[in-house]
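S.K.: Given chain A, put chain X in place with the hints provided.
Residue numbers (this note's numbering), protein chains in the order written: chain A, 1189 to 1468; chain X, 804 to 1076.
Simulated from the structure, these hints should not be mistaken for lab results.
If you're wondering where the values come from, they're calculated on a predicted model, not measured in any experiment.
Certain hints may be false.
[Said to hold, decoys possible] Each computed DSS-like pair below joins lysine-lysine, with the alpha-carbon atoms no more than 25 Å apart: (1) A:1263 - X:987; (2) X:988 - A:1318; (3) A:1318 - A:1392; (4) A:1222 - A:1263.
[What the hints assert, rightly or not] Listing some non-contacts, in silico: residues in chain X with all C-beta distances to chain A over 10 Å: (5) 821; (6) 828; (7) 845; (8) 855; (9) 857; (10) 922; (11) 936; (12) 946; (13) 979; (14) 1005; (15) 1012; (16) 1038; (17) 1044.
[To be verified] Selected chain A positions facing chain X (in silico; Cβ < 8 Å): (18) 1225; (19) 1261; (20) 1265; (21) 1266; (22) 1267; (23) 1273; (24) 1275; (25) 1279; (26) 1285; (27) 1287; (28) 1293; (29) 1304; (30) 1308; (31) 1309; (32) 1344.
From the three backbone atoms N, C-alpha and C, an ideal C-beta is built for every residue, glycine too.
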Amino acid sequence: MTASLSANPASTAAGAAAPLLRFEQLGLAYPTPKGPYPVLENINLEVQSGEFVCVIGHSGCGKSTLLNTVSGFSKPTAGQVLLHGQPIQRPGPDRMVVFQGYALLPWCSAYDNVYLAIDSVKPQLSDREKREIVMEHLELVGLTQAAEKLITQLSGGMKQRVAIARALAIRPEVLILDEPFGALDAITKEELQEELLKIWNTQKCTVLMITHDIDEALFLADRLVMMTNGPAAGIGEVLTIDFPRPRNREDIMEDPRYYELRNSALDFLYNRFAHDDDSK
Amino acid sequence: MSPAPSSGFHLGQWWKRNRKSILPPIFGIGGFLIFWQLSSSLGLTKLSGPLSLWTEERTRELLLYPFFDRGGLDKGLFLHTMSSLSRVALGYSLAAVIGIAVGIAVGLNKGLNRAFDPLFQFLRMVAPLAWVPIALVMFQQNQPAAIFVIFITSIWPILINTAEGVRQIPQDYRNVALVLQMSKKRFFTKILIPSTLPYIFTGLRISIGLAWLAIIAAEIVMPGTPGIGFFIWDANQNGYVSDIVLGVIWIGAIGLILDRLMAWLQTRISSSR
Chain A
1189 MTASLSANPA
1199 STAAGAAAPL
1209 LRFEQLGLAY
1219 PTPKGPYPVL
1229 ENINLEVQSG
1239 EFVCVIGHSG
1249 CGKSTLLNTV
1259 SGFSKPTAGQ
1269 VLLHGQPIQR
1279 PGPDRMVVFQ
1289 GYALLPWCSA
1299 YDNVYLAIDS
1309 VKPQLSDREK
1319 REIVMEHLEL
1329 VGLTQAAEKL
1339 ITQLSGGMKQ
1349 RVAIARALAI
1359 RPEVLILDEP
1369 FGALDAITKE
1379 ELQEELLKIW
1389 NTQKCTVLMI
1399 THDIDEALFL
1409 ADRLVMMTNG
1419 PAAGIGEVLT
1429 IDFPRPRNRE
1439 DIMEDPRYYE
1449 LRNSALDFLY
1459 NRFAHDDDSK
Chain X
804 MSPAPSSGFH
814 LGQWWKRNRK
824 SILPPIFGIG
834 GFLIFWQLSS
844 SLGLTKLSGP
854 LSLWTEERTR
864 ELLLYPFFDR
874 GGLDKGLFLH
884 TMSSLSRVAL
894 GYSLAAVIGI
904 AVGIAVGLNK
914 GLNRAFDPLF
924 QFLRMVAPLA
934 WVPIALVMFQ
944 QNQPAAIFVI
954 FITSIWPILI
964 NTAEGVRQIP
974 QDYRNVALVL
984 QMSKKRFFTK
994 ILIPSTLPYI
1004 FTGLRISIGL
1014 AWLAIIAAEI
1024 VMPGTPGIGF
1034 FIWDANQNGY
1044 VSDIVLGVIW
1054 IGAIGLILDR
1064 LMAWLQTRIS
1074 SSR
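Same shape as in the complex, but just chain A (with noise of 0.2 Å):
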């Protein structure tokens, strides 16, 4: 089995659409008194380079955990996850993740966030470059008239906007988001959607992103990678997304595939993988 699978990254590396990023036979347990605790498990997946991810599935199940083995903070106890055909060792920028959280130094002022995270990942470029691409992610994310304020004294949004530069200034080849809009009220949550494809569109990097939210992963993925429950989590089913880019919201709504869409991603969700509690 393992002859046969290391076969397999090399002969696709040769063909011409070798994948960005690819999923192998992907494993992962915990270790507990009571021996290894599977949350993940024979996890297949393949990323080309650009695409629009959006990862779904109920809390617990393990999305997170996924997405860390991409960005380097956890490590695979079977199979492997292969950027450019190389296995992800450890954590760098060109995996950058917008934290839960935000993840901001609430004592640096918005600037001086996104300026420490191009002078570690770009300590060549002369200062005024720094200085030209911090404040062009500002502009990109509308905080340019925010730049010196504290962390501490920005919104929720905001924040996450902060964030959002940040993760960009650095130019990440891949960019993950976990939940990134979770937490901001219906409005500020549409208008960011908005930005990052705009953003997206213009950089094209690839995009992980996890969400709770159905309508938001089918306005802005490419694909929707929906979960099994844990323990032992796996993908359940991969919906394939081609609404027409640049994207209208309204538009969207119109177009009759997309309850076709939503209505499977809501039976795979609350029929065929119900949650425990939400079966009840």
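M.R.: Chain X in isolation, oriented as in the chain A frame:
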């Protein structure tokens, strides 16, 4: 309205608003002093009452002239206190520098923590006075022994709080450092220090009180040099009870001022984030 009644009105307002925080301490402290004076006048205790600060001529002179200096040990209490403070400053600064450095090392390294935490927890329970003979044997000289007693009494809260602060750095910040592949130096200055600072200041505040508490123990080993601790020890040898009372009041007041000063610094630090 004419200004006079309006200002009288304001004073009344002020009194109304603040009397709840002014009257109880006056009654409390006053009541305590009266009780003390009565129990000493009635002979319930040999300790001289608060009025003895005034009635004893020697003590009254010390009370009224804190700045006099007739050379040698014959100095006002302010000058004694300043000598003690400079001694405390030395021991405390040493405790701060070493406490923060070791605290960071122990906080970052689980193995070091497991190795030394039991020792630290044990040593911090040793009373200042118990360190005196040990310090004298270690250093064979009075001055370094006194500094050491202050140092060893005040280092533990700084060390233990700093280590705890380092352990409490949110995982999110560590993850940011990891994903950005920050250098050790950058992690130290941009994340570790700012994140740990409130804990360090909590330790520093607890320790300034302890350092000051250690002053009597420290100065017992320094006969013949000015210092409030030695002043009390000396008064004790001579049986000047009212002098001891006055010295204790000085020590309490200075301790209170030091603590308030650190509390103020602490709120400045925590409000700047």
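S.K.: Now look at each hint and say whether the structure bears it out.
M.R.: Status of each hint after checking the structure:
1. A:1263 - X:987: Since the Cα atoms of residue 1263 (chain A) and residue 987 (chain X) sit roughly 23 Å apart, the hinted pair holds (cutoff 25 Å).
2. X:988 - A:1318: 20 Å, holds
3. A:1318 - A:1392: Measuring from Cα to Cα gives roughly 21 Å; hence the hint holds.
4. A:1222 - A:1263: Answer holds: residue 1222 (chain A) to residue 1263 (chain A) is near 20 Å, not above 25 Å.
5. 821: Given a closest Cβ separation of 32 Å, the condition holds.
6. 828: 35 Å, holds
7. 845: 59 Å, holds
8. 855: Holds, since 53 Å exceeds 10 Å.
9. 857: Holds: least Cβ distance 52 Å, greater than 10 Å.
10. 922: Answer for residue 922 (chain X): holds, closest chain A Cβ roughly 30 Å.
11. 936: 45 Å, holds
12. 946: Correct as stated: the minimum Cβ-Cβ distance to chain A is 40 Å, above 10 Å.
13. 979: Per Cβ check, residue 979 (chain X) is inside 10 Å of chain A; nearest 5 Å; violated.
14. 1005: 17 Å, holds
15. 1012: The assertion about residue 1012 (chain X) holds, with a minimum of 27 Å to chain A.
16. 1038: 49 Å, holds
17. 1044: 52 Å, holds
18. 1225: 20 Å, violated
19. 1261: Check passed: Cβ of residue 1261 (chain A) comes within 6 Å of chain X, closer than 8 Å.
20. 1265: With a closest approach of 20 Å, the residue 1265 (chain A) hint is violated.
21. 1266: 23 Å, violated
22. 1267: Since chain X brings no Cβ nearer than about 23 Å to residue 1267 (chain A), farther than 8 Å, the hint is violated.
23. 1273: For residue 1273 (chain A), the interface hint is violated, since the closest Cβ of chain X sits about 21 Å away, which is over 8 Å.
24. 1275: At about 18 Å, which exceeds the 8 Å cut-off, the nearest Cβ of chain X leaves the hint on residue 1275 (chain A) violated.
25. 1279: Constraint on residue 1279 (chain A) satisfied, holds at 4 Å.
26. 1285: 6 Å, holds
27. 1287: Holds. Min distance 6 Å.
28. 1293: Hint holds; residue 1293 (chain A) Cβ to chain X Cβ min 7 Å, cut 8 Å.
29. 1304: Given a least distance of 6 Å, the restraint on residue 1304 (chain A) holds.
30. 1308: 4 Å, holds
31. 1309: Since chain X brings a Cβ to about 6 Å from residue 1309 (chain A), closer than 8 Å, the hint holds.
32. 1344: 15 Å, violated
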